[in-house]
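J.: Take the sequences, apply the hints, and build the full model.
Residue numbers (this note's numbering), protein chains in the order written: chain W, 3 to 261; chain R, 3 to 261; chain U, 3 to 261; chain P, 3 to 261; chain G, 3 to 261; chain S, 3 to 261.
Because the hints were derived from the structure by calculation, they are not lab data. There's no promise every hint is true.
Which copy? The list can't say, so a pair holds if one copy fits it or any two copies do.
Stated by the list, open to error - Below, simulated DSS-like cross-link-like pairs (lysine-lysine); rule was C-alpha separation at most 30 Å, straight line:
id : residue 1 : residue 2
1  : K198      : K12
2  : K198      : K8
3  : K189      : K252
4  : K12       : K252
Protein chains: 6
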Amino acid sequence: MSKSLKARLKAGEALLGAWCMIPGALTAEALGRAGFDWVLIDMQHGCMDYETALEMIRAVDLGGATPIVRAPWNDPGIIGRLLDAGAMGVVIPMIQTAEDARRAVEACLYPPAGRRSFGPVRVGLRDGPGYFADANDRVLVIPMIETVEALAEVDAIARTPGVDALFVGPFDLSIALGLPPGDNDGKPAFDEAIAKVSAAARAAGVATAVLSNAGVAPLRLRQGFRLVSVVTDLSALTLAARADLQTVRKTLAAGADHA
Amino acid sequence: MSKSLKARLKAGEALLGAWCMIPGALTAEALGRAGFDWVLIDMQHGCMDYETALEMIRAVDLGGATPIVRAPWNDPGIIGRLLDAGAMGVVIPMIQTAEDARRAVEACLYPPAGRRSFGPVRVGLRDGPGYFADANDRVLVIPMIETVEALAEVDAIARTPGVDALFVGPFDLSIALGLPPGDNDGKPAFDEAIAKVSAAARAAGVATAVLSNAGVAPLRLRQGFRLVSVVTDLSALTLAARADLQTVRKTLAAGADHA
Amino acid sequence: MSKSLKARLKAGEALLGAWCMIPGALTAEALGRAGFDWVLIDMQHGCMDYETALEMIRAVDLGGATPIVRAPWNDPGIIGRLLDAGAMGVVIPMIQTAEDARRAVEACLYPPAGRRSFGPVRVGLRDGPGYFADANDRVLVIPMIETVEALAEVDAIARTPGVDALFVGPFDLSIALGLPPGDNDGKPAFDEAIAKVSAAARAAGVATAVLSNAGVAPLRLRQGFRLVSVVTDLSALTLAARADLQTVRKTLAAGADHA
Amino acid sequence: MSKSLKARLKAGEALLGAWCMIPGALTAEALGRAGFDWVLIDMQHGCMDYETALEMIRAVDLGGATPIVRAPWNDPGIIGRLLDAGAMGVVIPMIQTAEDARRAVEACLYPPAGRRSFGPVRVGLRDGPGYFADANDRVLVIPMIETVEALAEVDAIARTPGVDALFVGPFDLSIALGLPPGDNDGKPAFDEAIAKVSAAARAAGVATAVLSNAGVAPLRLRQGFRLVSVVTDLSALTLAARADLQTVRKTLAAGADHA
Amino acid sequence: MSKSLKARLKAGEALLGAWCMIPGALTAEALGRAGFDWVLIDMQHGCMDYETALEMIRAVDLGGATPIVRAPWNDPGIIGRLLDAGAMGVVIPMIQTAEDARRAVEACLYPPAGRRSFGPVRVGLRDGPGYFADANDRVLVIPMIETVEALAEVDAIARTPGVDALFVGPFDLSIALGLPPGDNDGKPAFDEAIAKVSAAARAAGVATAVLSNAGVAPLRLRQGFRLVSVVTDLSALTLAARADLQTVRKTLAAGADHA
Amino acid sequence: MSKSLKARLKAGEALLGAWCMIPGALTAEALGRAGFDWVLIDMQHGCMDYETALEMIRAVDLGGATPIVRAPWNDPGIIGRLLDAGAMGVVIPMIQTAEDARRAVEACLYPPAGRRSFGPVRVGLRDGPGYFADANDRVLVIPMIETVEALAEVDAIARTPGVDALFVGPFDLSIALGLPPGDNDGKPAFDEAIAKVSAAARAAGVATAVLSNAGVAPLRLRQGFRLVSVVTDLSALTLAARADLQTVRKTLAAGADHA
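T.: Laid out in structure tokens, this is it:
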């Protein structure tokens, strides 16, 4: 088995990812083969059920990228199922307190570190009987910091044993700060929040992670983020389609030459 | 009901489309809302079953674009089902002869013009009891010209009553001509084939249609094609994702500045 | 095993059915338990793929009704698969000639009577290893008579060995006769066509079958039809919903009393 | 954008709805086009998963009705996902206390009114970038009152900021009161409960909503309910099918005339 | 209706079961027809969503076995939905305390014994209007004992009104005890845990249940377990396939005789 | 890329396979990882639609086995789609004549060797842009010999350019010969048929293939078959489950010792 995403993260590598909102394995396979270090299947805001998420994890595995997921909520039932499917990391939304973070860790790790239940049905096919012994060392636990409450508790969340990285969701964080959803770099409240999360992570010896895009990712990497998504499937498709259409419509408008 | 795609085609409009290989309604809805005149659901080389194709037709309807389909084969069973689902045009692959074209027309049109069976279950929900009376005037029948045999018979195919347009598949046509799959503009065999199809269509008073992309579409429009696809979903997504990743990887490689 | 639908048909029973256009097992189970002799899953004009059709057959089995299907086309591939799923009868659309009928029979029956391929994977679960020995005696082969060509050949079709009943599709038959789609009783062309099919069936010793509804079914039974559908799922639901809404809207309009 | 369901409710309109238990978009589209003001997709007692619910919301959108949902439980994960899919209202079962209601509101509304997480992937396709600004003004939050505990706290629940209507579930409410499941009008405990909920709603300036049918709906409208369902898909289909079958069976039994 | 699984359990019968991890009705139907007393659909570690679980329950019903489920978590939303689908028993994972057990009972039983919400949409098709009256007498509530905390509280859990059996998960229990996942019979910690659960069950007058296999099941039956699974679908298939392959590979290796 | 299945077959290797009737990727992944040289997804008698078949091909790819398929029929539409999905071989049922075989070859191979249409959407993800150049050298075309007509024409079928192996279906072949479905070794008609197919294959320089099981496979290998299935998923599961149940039931019956 090659070096795990977790090991690479701990070694300080910058790890670039793709974000899946589209349900279905075809797009997941395309992204899994495109050279990303990780591909995230988003069960919070993406449109897939569990069976589809499992197909997508298979498709990402095929391409050699590491499949990770965002859980719909800090719920041990679905988190366990996603890990059984083969997710090697879980982003958990709307963590507010260290206690929330502790419960997220419990859901992700086997005893004694946590309370994950044993039954690695699909991931056992992939990784064999050795999966259990290594799982806790290979699974990433990544709470999201996206509310005022979480910012206030960010140090305690970062120091929660088992937490591997803090995930900044720029959209929700911005809304929480009274800003429009999106990247609000340059606005003090936003920049301070980023800095605060980064400092808390650094102090606790954990990484930072963020949803991003090709335009902003370089900045995020300079800010020290180590898990950085650079493309989101539906946005990328929509933007490309609109741009291509626009290009051809302009040609059409420009010339009577096409008659 | 607004002017149908068929009416617009007959009026000589250049109609730009998007091409769906990805199974699922989310991407179809995104493309259906992106401003294209038509969105094609490809059941020949795309990855969807009929139930999914039906969901995709609904999703395209939502955005106001006209849903059309490519049938997996010149088979009246599936062609009828796709029309019942609400497709307003059918591209039929691997037509070789005028007899093939006649059978395609039969599959697409109600008697007496054809032999389509009545049962517009889903499209009846959309278009109401008036659907039957207008269907033959609104449904496009579009045989593909993509083999040596078809080129030899292209005039007869074009003149087959009920045929609305000839569809050029540049990939199969190129292979048939001994060229690599793709757009082979500039190579005489390819250019002559395009010219021959165009001439046959013009002589018969039908349109020409083609699978294309934003780069080649302007040329196709100048060549007189009136149904021109400018984007294919999976390619667009893959290209965009790879480009975004490349951009950020270069930034990473360029600077130690992100540490 | 109780008496098969085929045996009951041969005994002259009038057998009432429900017609499924809606994909999914919940509605099929509801109809399978509602007291019908048979429930037909329509893969020609209904909206289900094969996997869903199989679920629906299971659901009909649960209620004790006999599952039959309409194939999308006279195609031995899908006909065989539907029989493997447990269908006990196949309605085959758009039969034009005795040769068409012969091929339909071949697709439905094991050698030496036909050419059905062996592999009763799901129906073998239901009926056990004895299925093979009895299948030809229990499966109904029911060609549709719905075109001018079929009317002209109806005697030969009826006499094709292996044919159990002739199915009249009133909608397509009407269109073929230049009438609006629907039941056109009272119009001579329609009445004569019904009479002609009935006579051919009687002469050949086979039954007649028809898509119908509660209003027309009594007439069809008097005309001698023995497999008569009395309800179609989507129509029934839509009509009931519109009627209920109308009722309440009228109450609302009638009274200021609800304020 | 036309006037939202929420705006119409606040204006005092009586709004009639259909209730979906059947998974799948075909029936949802039929109901969405039938003239109802709203169509509810029931993820508590209906049989659909999230992906299917999303298809159903699309299908309802197509017909111009407003899609709302019943969540399986007062769980912010699934509530957020259903809103992201395009639901314009959420009925939340088994609310017992004002604190429960407050959490339901939090799950439905963006900050600062609530804690809904941002990621309107599918609804963003439908409503565009303006969705976020208006969402809190357009989404209905509708707790169910169906237990003894809820009745005792009904005033506090009704006054919870963000609550738009109180939903009476006659079945659970009856069971809670020791009555058989169903509409128990005329039995004092039931009538008093209805009156109590209505009074609490009126006092708090919110509406009342109820699961009903064409027979009882006029009474409910007179009682002041403003969101009233008048048909439930599976019941309507089953009743219609059984009635049609009964009608024809009677004809059969009545006459030897059908031989 | 034949004697329920619950009645047979209360009568002291040893009831053998099959365990489903594979999503899909075909394997569930095969197991449902194979002679097991019960077939469990595992939504905790198995790979199915709710819609698939419902199809599997139908398939088990077809064969005459009793369908039961393992819920993904002690969550009343999904537990209620699984019961509405027709599950006649619910195994609830990771119960730690009597309070957890009480909430599991509440989720499974109608008032006044519990708080289950009424809406038996699919099970109502199967069992008719009488379902409600009998449901509490027929549904099994089975908490899992698989953690150190649960062992410590096992007496209180067993005595929780409404609990019918205690389920031992040998894998998680072993991990909780610091043993490798699996059956650890002969190791004192494991044997004592089994004995402790058994004693608590006996004292409370409830049964014991366990995930097992053909090798260990006889021991479990001697230990007094009354609900004992003897096969797990995916393991059985994988083991059989590997064994068959091994057999033939050996033949190949043994002889040049096959050339 | 490692040596293809076709190359290994041409090199004379005995290649053992597993046969999939169960729809779904979990069982396909289990078999794909179990050490078989190939895993066949059976769309003739198995229970999957195309989308599921595609998921299964992905799952087989994951394990390193070679995915091949049986088409539902000799239909170029579905054959092309299965190849686009990544199948590296196609078994085509009910081939009767050399002309049938020629059409099967045409469906499987790109021009000039055949008429396969270009559009390797999913397999292009897997194998990259080089797929087209090598496809004809890597895809196996395998007609089935299972009727009296095919036996009569077996030499011509075997010599059809592009055919790689002849597949014997023992069930249909037996029925065609008037024998019960199954392996009828020892009965002259069956043995002669096997010998005739083998001789025709040998003479034409193509291989022989067969559906088998662990008991019969050694004989088939001795008879010279080179593609031999040794396990069928649903049978293996059912047999194992019944055997395990029987074992434990016997224990139960044997002893009062388990009380």
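J.: The structure should be examined with respect to each hint, and the outcome stated for every one.
T.: Hints, verified against the model:
1. For a Cα distance limit of 30 Å, the shortest separation of K198 from K12 inside one copy, 21 Å, qualifies, whereas the shortest one across copies, 43 Å, does not.
2. Within a single copy, K198 and K8 get their C-alpha atoms as close as 23 Å, which meets the 30 Å cut-off; across copies the closest is 40 Å, which misses it.
3. Proximity of K189 to K252 under the C-alpha cut-off of 30 Å is restricted to the inter-copy arrangement: shortest distance 27 Å between copies versus 36 Å within a copy.
4. Taking the closest pair of Cα atoms, K12 and K252 come within 30 Å of each other only across two copies (22 Å); inside a single copy the shortest separation is 49 Å, beyond that limit.
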